[in-house]
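Top to bottom, those sequences are chains E and V. All residue numbers for the first sequence refer to this note's numbering, where the first residue is 18 and numbers rise by one. All residue numbers for the second sequence refer to this note's numbering, where the first residue is 18 and numbers rise by one.
For the record, the hints were derived by calculation from the structure and aren't laboratory data. The model shown is predicted, which means the values in this text are computed figures rather than measured ones. Hints may contain errors.
One copy or any two copies: either way a pair holds, since identical chains are not told apart in the list.
Straight-line C-alpha distance at most 25 Å; calculated DMTMM-like pairs for lysine to aspartate or glutamate [stated by the list, open to error]:
1) K213 x E163
2) K177 x E260
3) K177 x E163
4) K200 x E264
5) K283 x E121
One letter stands for each residue in the lines below.
Number of protein chains: 2
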Amino acid sequence: MAAWAERLTGVRGVLLDISGVLYDSGVGGGAAIAGSVEAVARLKRSPLKVRFCTNESQKSRRELVGLLQRLGFDISEGEVTAPAPATCQILKERGLRPHLLIHEGVRSEFDDIDMSNPNCVVIADAGEAFSYQNMNRAFQVLMELENPVLISLGKGRYYKETSGLMLDVGGYMKALEYACGIKAEVVGKPSPEFFKSALQAIGVEAHQAIMIGDDIVGDVGGAQQCGMRALQVRTGKFRPSDEHHPEVRADGYVDNLAEAVDLLLKHVNK
Amino acid sequence: MAAWAERLTGVRGVLLDISGVLYDSGVGGGAAIAGSVEAVARLKRSPLKVRFCTNESQKSRRELVGLLQRLGFDISEGEVTAPAPATCQILKERGLRPHLLIHEGVRSEFDDIDMSNPNCVVIADAGEAFSYQNMNRAFQVLMELENPVLISLGKGRYYKETSGLMLDVGGYMKALEYACGIKAEVVGKPSPEFFKSALQAIGVEAHQAIMIGDDIVGDVGGAQQCGMRALQVRTGKFRPSDEHHPEVRADGYVDNLAEAVDLLLKHVNK
Numbered sequence: 018m019a020a021w022a023e024r025l026t027g028v029r030g031v032l033l034d035i036s037g038v039l040y041d042s043g044v045g046g047g048a049a050i051a052g053s054v055e056a057v058a059r060l061k062r063s064p065l066k067v068r069f070c071t072n073e074s075q076k077s078r079r080e081l082v083g084l085l086q087r088l089g090f091d092i093s094e095g096e097v098t099a100p101a102p103a104t105c106q107i108l109k110e111r112g113l114r115p116h117l118l119i120h121e122g123v124r125s126e127f128d129d130i131d132m133s134n135p136n137c138v139v140i141a142d143a144g145e146a147f148s149y150q151n152m153n154r155a156f157q158v159l160m161e162l163e164n165p166v167l168i169s170l171g172k173g174r175y176y177k178e179t180s181g182l183m184l185d186v187g188g189y190m191k192a193l194e195y196a197c198g199i200k201a202e203v204v205g206k207p208s209p210e211f212f213k214s215a216l217q218a219i220g221v222e223a224h225q226a227i228m229i230g231d232d233i234v235g236d237v238g239g240a241q242q243c244g245m246r247a248l249q250v251r252t253g254k255f256r257p258s259d260e261h262h263p264e265v266r267a268d269g270y271v272d273n274l275a276e277a278v279d280l281l282l283k284h285v286n287k
Numbered sequence: 018m019a020a021w022a023e024r025l026t027g028v029r030g031v032l033l034d035i036s037g038v039l040y041d042s043g044v045g046g047g048a049a050i051a052g053s054v055e056a057v058a059r060l061k062r063s064p065l066k067v068r069f070c071t072n073e074s075q076k077s078r079r080e081l082v083g084l085l086q087r088l089g090f091d092i093s094e095g096e097v098t099a100p101a102p103a104t105c106q107i108l109k110e111r112g113l114r115p116h117l118l119i120h121e122g123v124r125s126e127f128d129d130i131d132m133s134n135p136n137c138v139v140i141a142d143a144g145e146a147f148s149y150q151n152m153n154r155a156f157q158v159l160m161e162l163e164n165p166v167l168i169s170l171g172k173g174r175y176y177k178e179t180s181g182l183m184l185d186v187g188g189y190m191k192a193l194e195y196a197c198g199i200k201a202e203v204v205g206k207p208s209p210e211f212f213k214s215a216l217q218a219i220g221v222e223a224h225q226a227i228m229i230g231d232d233i234v235g236d237v238g239g240a241q242q243c244g245m246r247a248l249q250v251r252t253g254k255f256r257p258s259d260e261h262h263p264e265v266r267a268d269g270y271v272d273n274l275a276e277a278v279d280l281l282l283k284h285v286n287k
């Protein structure tokens with residue numbers, strides 16, 4: 018692999034995944050990953066543009082940002098690209114009225130959306146709300162539609178809580194796709210539109226940007242397909258086998274966000 | 018399409034699906050489909066061999082047969098090919114100790130199976146037991162195994178209860194496959210081994226047999242891939258679009274089991 022200086026040349030903007038990079042969620046809110054609070058602060062003091070790009074869909078942006086601020090992070094709502102607000106925009110543009118299968122924590126994001134007489138289903142990482150009854154209701158709504166539309170906030174396989182690996186929305190999306198014989202529309206990483214909206218928010222071109230995430234497929238693979246570079250951190254849901262993934266090869270693997278920021282600040286703009 | 022006499026020529030044995038063909042399950046046990054009790058009785062009095070071939074995995078064979086007998090059907094345990102007993106045989110042959118994600122009603126089938134220190138996961142149509150917690154536990158067991166083995170009792174998309182369409186095990190199998198990055202082994206229709214074991218039990222060759230079911234893919238497509246003929250009934254989970262399925266074309270479509278038996282008794286052995 019080329020030297021770091023070469024791999025990082027021309028980087029002007031950084032997209033940061035949140036869960037598994039900044040912190041691990043869990044009981045009581047979760048815990049900051051060692052060194053990440055300082056790493057974010059150092060990035061923000063650097064000439065690099067920074068945007069947070071998350072598939073978090075259990076919490077509203079307000080709740081997420083509040084939690085991160087309590088953990089010590091320098092972050093505000095306006096700096097976060099998240100799937101729920103992006104979904105609301107799509108629903109309004111297309112006149113879609115959703116049946117929601119989501120976590121209570123994110124419901125407030127949909128406060129001004131018309132949900133009468135649903136003509137689509139929106140699913141997100143619903144956690145315990147992924148009961149058989151709720152899944153079956155979403156299934157029945159889709160089966161009753163002439164043109165069933167299923168929107169999934171991300172398609173993650175799993176994420177890491179402080180207590181261990183947890184099933185993410187992706188499997189449940191696949192379950193409804195299979196049962197209904199349809200294909201979901203994904204809002205969130207690795208959808209190119211989602212990465213692009215994050216880049217637009219900081220005025221950085223894909224070839225000038227680098228994604229830092231713990232998900233080899235959703236973060237690293239997705240960003241690379243958009244023409245960005247991407248680093249995988251060995252925190253969060255990282256597993257050693259990710260470094261030998263059959264389809265995706267990161268532009269670099271680092272122990273954690275702190276190491277990624279060390280490298281960026283050392284080699285960028287030199 | 019050829020005349021019925023031609024399509025049914027040489028049939029010596031009949032495989033009957035149970036749910037959606039004999040009865041619709043539901044609150045209080047369910048209800049026999051009109052004409053099916055008499056149709057089974059007439060088949061049994063005919064020269065045709067009869068075997069019941071079901072993916073039922075919420076109930077033990079004993080419970081299922083007891084329910085059907087109470088609805089008036091002439092059926093005994095020894096006449097039923099079902100996935101749970103077939104799975105137990107596989108577990109024993111391969112030294113597999115399952116973590117079970119199944120309905121309580123079928124648990125007794127696994128009474129003599131070693132479940133200590135699990136080295137595989139077995140899922141079946143678990144209904145309400147498909148909670149997030151139970152799915153997550155199955156996921157975690159698989160992720161901890163070096164060579165994860167997932168056995169699914171059938172892979173049905175949905176079935177029909179008296180109250181409406183209900184999600185079957187297939188979606189949940191897909192969810193675990195996706196989350197773990199593995200491929201499940203299916204025991205039950207449309208697995209060729211399963212159809213073959215049903216045929217062996219009545220000593221009939223595939224080309225001499227006809228399957229009657231309500232599932233265009235699992236019953237009709239699966240049986241045809243084994244060299245059998247297959248009829249789809251317009252009861253149970255049948256939907257009008259099944260008659261224009263992009264991949265599977267039944268050897269005939271009939272309103273219900275009674276019509277199928279009328280045709281068989283009229284045209285077979287002439």
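So, going through the hints one by one against the coordinates:
Taking identical chains as interchangeable, the C-alpha atoms of K213 and E163 are never at most 25 Å apart, the minima being 32 Å within one chain and 38 Å between chains. Only within a single protomer do K177 and E260 lie at most 25 Å apart by alpha-carbon distance; the minimum there is 18 Å, versus 45 Å between protomers. Taking identical chains as interchangeable, the C-alpha atoms of K177 and E163 lie at most 25 Å apart only when they sit on different chains, with a minimum of 19 Å there against 37 Å within one chain. In this homomeric assembly, K200 and E264 come within 25 Å of each other (Cα to Cα) both inside a single copy, at 22 Å, and across copies, at 18 Å.
In this assembly of identical chains, the alpha carbons of K283 and E121 never lie at most 25 Å apart, being 43 Å within a copy and 60 Å across copies at closest.
The structure shown violates the earlier hints numbered 1, 5.
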